[in-house]
Amino acid sequence: MSKAQSALNGASYAGLAKVEETGLGGMITLRGDFASAGFQAAVKAATGCDVPGVRKIASSEVGAVAWMSPDELLLLVDYAGVDAVVAQISEALAGEHHLAVNVSDARACFAVSGEGAREVIAKVAPVDLAPGQFEAGDFRRTRFAQVAGAFWLDEAGVFHIVCFRSVAVYMYNLLCTSAHPQSKVGVYA
Amino acid sequence: MSTRLAKQGRLIDRSKQIEFSFNGRKLKGFAGDTLASALLANDQMLVGRSFKYHRPRGLVASGSEEPNALVGLGTGDRFEPNQRATTTELFSGLSAQSQNHWPSLEFDIGEVNSKLFSRFLTAGFYYKMFIHPRPFWKHVYEPFIRQSAGLGKAPNKELKDADTYEHFYFFCDVLVIGGGVAGLQAAKSAAATGAKVLVLEEKSYWGGRTPVDGGMIEGLEAEAWVAKTVAELEAMDNVTLRSRTMGAGVYDHGYILGYERLTDHAPGQGGPRHRMWRIRAAQTVTATGAIERPLSFAGNDVPGVMLAASMRDYVVNWGVTPGKRVLIATNNDDAYRTAIVLHEAGVEVVRLLDTRETGGGDLADRVRALGIRVECGRAIAKVADGKRVTKVAICAQNGEGGAREEVEADAVAMSGGWSPVVHLWSHCGGKLIWDEAQAHFRPDPDRAPTGADGKPFVVTAGTASGPLTLKAVMADAAAAGAKAAEAAGRPAQAVASIATSEVVEAQMEAVWLMPAKADIQLRMKSWLDYQNDVKVSDVQLAAREGYESVEHTKRYTTLGMATDQGKLSNINGLAILADTLGAEIPQVGTTTFRPPYHPISMGAIGGSARGDIFQPLRKTPMYDWHDANGAHWEPVGHWRRPFAYVRSGESVHDAVNREVKNTREKLGLLDASTLGKLIVKGPDAGKFLDMLYTNVMSSLKPGKCRYGLMCSENGFLSDDGVVARIDEDTFLCHTTTGGADRIHAHMEEWLQTEWWDWKVYVANVTEQLAQVAVVGPNARKLLEKLNAQAGGGMDVSKEGLAFMEWKDGEIGGFKARAYRISFSGELSYEIAVAASEGQAFWNALIEAGQEFGVMPYGTETLHILRAEKGFIMIGDETDGTVIPQDLGLHWAISKKKEDFLGKRAQERSHMVDPDRWQLVGLETVDGSVLPDGAYAVGNGLNANGQKNTIGRVTSTYYSATLGRGIAMGLVKHGPKRMGEVIDFPGLDGKIFKAKIVDPVFYDKEGEKQNV
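Residue numbers (this note's numbering), protein chains in the order written: chain D, 1 to 189; chain W, 1 to 1011.
Calculated from the structure, these hints are not laboratory results. Since this is a predicted model, take the numbers as computed values, not measurements. We put the CB at the ideal spot given by N, CA and C, even for glycine. Some clues are possibly wrong.
[As the list claims (entries may be wrong)] Heads up, incomplete: computed chain W residues facing chain D, CB under 8 Å, no partners named:
| hint | residue |
| --- | --- |
| 1 | Gly93 |
| 2 | Gln97 |
| 3 | Gly270 |
| 4 | Asp612 |
| 5 | Pro616 |
| 6 | Thr620 |
| 7 | Ala834 |
| 8 | Gln839 |
[To be verified] 30 Å max Cα-Cα, derived DSSO-like pairs, lysine-lysine:
| hint | chain 1 | residue 1 | chain 2 | residue 2 |
| --- | --- | --- | --- | --- |
| 9 | D | Lys184 | W | Lys785 |
| 10 | W | Lys815 | W | Lys1008 |
| 11 | W | Lys7 | W | Lys324 |
| 12 | W | Lys785 | D | Lys3 |
| 13 | W | Lys7 | D | Lys3 |
| 14 | D | Lys44 | W | Lys815 |
| 15 | D | Lys44 | W | Lys759 |
| 16 | D | Lys184 | W | Lys160 |
| 17 | D | Lys56 | W | Lys324 |
| 18 | W | Lys157 | W | Lys26 |
| 19 | W | Lys1008 | W | Lys666 |
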């Protein structure tokens, strides 16, 4: 629907790395018992993925699923189809204690790509971003300077960040500042 | 005089001349100079004035231990006080000003004063002198002391720092702090195991002081070995080398701060000036070297008196000599190296005084062979006062300073032995042992700082461990690197044996006072702490006055409390204290070492948090619209909410009055998106909410809403809001704007720690939804119009959506959830849509609402509307000491429930005391607005002779609806005193008279909201 607008309208900046707001993504907070076969089946049906390991993200052509806590997952699906997926999960898990809720509009999404991407993130997130330590499929729920955020690396070498929508401007300015062309650290290049 | 030498200077590039200025004087130096070496090259011996006595001071050291040469560096928005000349690399256009003098460095009034009065300025002087008469401190003493004391000037408060800063997180197996030969060897040993290694060096060059001191390592001159080793380490993928980066502090859990100075040597080149490295290291090796101790003799602070090894640094590294006729005093062999270096550079060494009757070892023989006069058992009695060294009186070390011989000299090199730099070892609890032979404290490897697993996480290497000879240093460093790597989980390795040259040195002698029995006149001129002007006599006086603890003595005398944290003075000071107390040095102990090792910039600590990323601002989806439409912003937590929408020609107060009247009479819109929205779901959700709220939530029917109160375990009102039951298992709890995260955490805490077996999940969906309150007599008309335009939608009639009901559906084509709830007393709908559609929805409301007189309203109007209705506000009527019963909210507290959070507490005697202040309305007799927070006074006086208070104002506003001031307040026995008039004294002496009334000022029957 054209009425729906992401927080920054796709703003982007090129410095040590390319920083861009990637628009609206479909996201579902799913809480439940990871060990339950029903739960695992519901996750698989919604995203095409198995429940990921601790601090991991699994992805398929249908969607992706990230580990948020011992009883919480973040499901990434198509924005337009979120409500249908939530309904499908709720139906599948009707007899099982769980919580599935659409959080797509609560979020802002960013991509950080290019040679300096690891260093740009390592300036603001307390995470070991050395190659080999953080690779495709890794996922962290952490903070970016003063705000909460989560990020992962995809197979194409692009970092994806999600944070709360209300702090989208802060996150964007923070990442752009970290990507200042004259602020290269030079340890991961 | 100090001057540039024709040769020498391994760090300078004589082909690159650099211009700079000192106190406005244009001077020249070379690339590679520090400000200190360049000043010496220009015969600028006098670099500052001391803190208390304004004594002329010169350079004492060549590194970060320098206490005197603090300057104001830069100008305008790049000005920074208290910068060390020794750690400031010279750059073109550098501008430095000396500090702490008036009217000029050369002639200073403070010095004249101190010569007249210095006998009064002893230890504890401030404590003793300025305590009486009491009022004098504020009006006379403090302004005077502030004028005369203090180091650098604060930067101009109107200017903002021109530079930027940043942080960087880094993780490694082994962090090596210090890039001297020991640090490099430790890094090499650790890296050989495959460990990920980071090496930090505070200076711009590698190798530390060994290339100056000389020696062969693995068959190479030290300098060549350093170059080769650095190249080897740089070539390794698992090693990162970082110069100009100081290890500033060691903290729990292997957290270490590194302070990188990126552009200090080239200001304005762009990019961040400093970078704070926030490092997590499995193991840390401190290869921080050692610091030479001064000797305590009279006049040891006269410009030209310098540490012997530092003088050697100036000659070898930068090709400058502090004098042409140098006298050396020492208690150990190392200072003989200075004699050799000076001699080789063509500087005359007029005398080498060795306190030891038996003299030195191999080096002493070499010095004698050069024809330098060496005198054993001799000492400096006094260096003549002045702005530079001219004459030195010498005497026997083992005496009182009599039978002096005068020698002409223009510089003095002193060495009192070496103390390992134990600061970083000690930051996190590493303990020290006293080494009698070297007369220094060194790290005790058996009592290292320990991590969460109880195992050591810091290892020392090289002279930082204690050993002072090259052979021992290299062996220690190789072992330290291997040990750290192994402790970090790498395979154990045999420690390589490193071949080095060897020099046989004689035993040093502990000398804490020179001469040993110096009389009081000499002791009053023997400086321990240069920067804070603490002398031998001050510490002795403190001891005589009963100060036995080194920590107390430190504070009483200010020894070691300056910006150098006593790097030169601590050991000498506590040795004097121990001697005076008749105690052993280890019994007296040391003061506590705290980070940072050396001062770091405030900018680096703040990092990139400045300007628009100083603090995150939370913005609702409609923020930009509000901003473009006159929003006068109010911070609510990290949110910014419109306080009012001010139109041109209006004051904020005018705007508020307009918004209030328009909402009551026509139609208002409020951006309520910031309200907390928590989904609580599960078979036990009802039971859970019954515990959290004071009333019953489990009985709520799906489709209905209920207002509820939450209290802390202590019974105090914590949050309030409307709960909607979505389905059998699911509730949506609204919280206050500021309470969303707090109440979410509160729920999770109870679920995770107490009721972990209850089947309840909570999710915070505050930001998923944009919420708009559509308020006023025309509210329904607007929604019906939108639905008509969209060709249908939710039934919003009184019957279709009754008061305190909610419904899902479409409004104006937007997928929405509408609540018939009212915080204003008017016909009101709160409508939630997806946050991404919030702006579009708002636009549709504004556009369609024109014919109904729609206006947005801000938080102040929200407050006034609720106050007119007598609705309480968390944070106004509550302050953490108020229980619901105080606010007349008994109706919202269940008497049927067996338990809820706060129930037990609310039964305590103090909580049921009828004397508790209770909520009432307040109307001023003259219609004016009561001052916020004003207290009501009653009869009589309290124990302090003050009038007794009987109540206070909690909310007060001008009500445009009623045309008068209205207020709520808590008043003793308030509800029983309706109609009484009580007094509220204002700040300006005016007494406000207010009548106690019902807190509901408007539409008490609630007819308007229920239409």
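Results for each hint:
1. Hint on W:Gly93 is violated. Least Cβ distance to chain D is approximately 20 Å, over the 8 Å limit.
2. The criterion of a C-beta within 8 Å of any C-beta in chain D is not met by W:Gln97, whose closest approach is roughly 29 Å, and the hint is violated.
3. Among the interface hints, the one on W:Gly270 holds; its C-beta lies about 4 Å from the nearest C-beta in chain D, closer than the 8 Å criterion.
4. Satisfaction of the interface hint for W:Asp612 is found here, the shortest Cβ-Cβ separation to chain D being roughly 5 Å, below the 8 Å cut-off.
5. Restraint check, W:Pro616 versus chain D: the minimum CB separation of about 4 Å is within 8 Å; hint holds.
6. Evaluation of the W:Thr620 hint against chain D yields a held restraint, the C-beta minimum of about 7 Å falling below 8 Å.
7. Proximity of W:Ala834 to chain D holds as hinted, the smallest CB-CB distance being about 4 Å (cut-off 8 Å).
8. Annotation: interface hint on W:Gln839 holds; nearest CB of chain D at approximately 6 Å, less than 8 Å.
9. A C-alpha spacing of about 57 Å is found between D:Lys184 and W:Lys785, which places the hinted pair above 30 Å, so the restraint is violated.
10. Of the pairs offered as hints, the one joining W:Lys815 and W:Lys1008 holds, with about 27 Å between alpha carbons and a cut-off of 30 Å not exceeded.
11. Restraint check for W:Lys7 and W:Lys324: the C-alpha separation of about 15 Å stays at or below 30 Å, so the hint holds.
12. The straight-line distance between the Cα atoms of W:Lys785 and D:Lys3 is roughly 19 Å, inside the 30 Å bound, and the hint therefore holds.
13. With a C-alpha separation of about 77 Å, the suggested pair W:Lys7 and D:Lys3 falls outside the 30 Å cut-off, and the hint is violated.
14. Among the hinted pairs, D:Lys44 with W:Lys815 is consistent with the structure: their alpha-carbon atoms are about 28 Å apart, no more than 30 Å.
15. Taking the CA atoms of D:Lys44 and W:Lys759, the gap is about 24 Å. The hint holds against a cut of 30 Å.
16. Taking the CA atoms of D:Lys184 and W:Lys160, the gap is near 24 Å; set against the 30 Å cutoff, the hint holds.
17. With a C-alpha separation of about 69 Å, the suggested pair D:Lys56 and W:Lys324 falls outside the 30 Å cut-off, and the hint is violated.
18. At roughly 28 Å between alpha-carbon atoms, W:Lys157 and W:Lys26 fall within 30 Å of each other, so this suggested pair holds.
19. Note on W:Lys1008 and W:Lys666: the hinted pairing holds, with a Cα-Cα distance of about 12 Å set against a maximum of 30 Å.
Of the numbered hints stated above, those contradicted by the structure are hints 1, 2, 9, 13 and 17, listed in ascending order.
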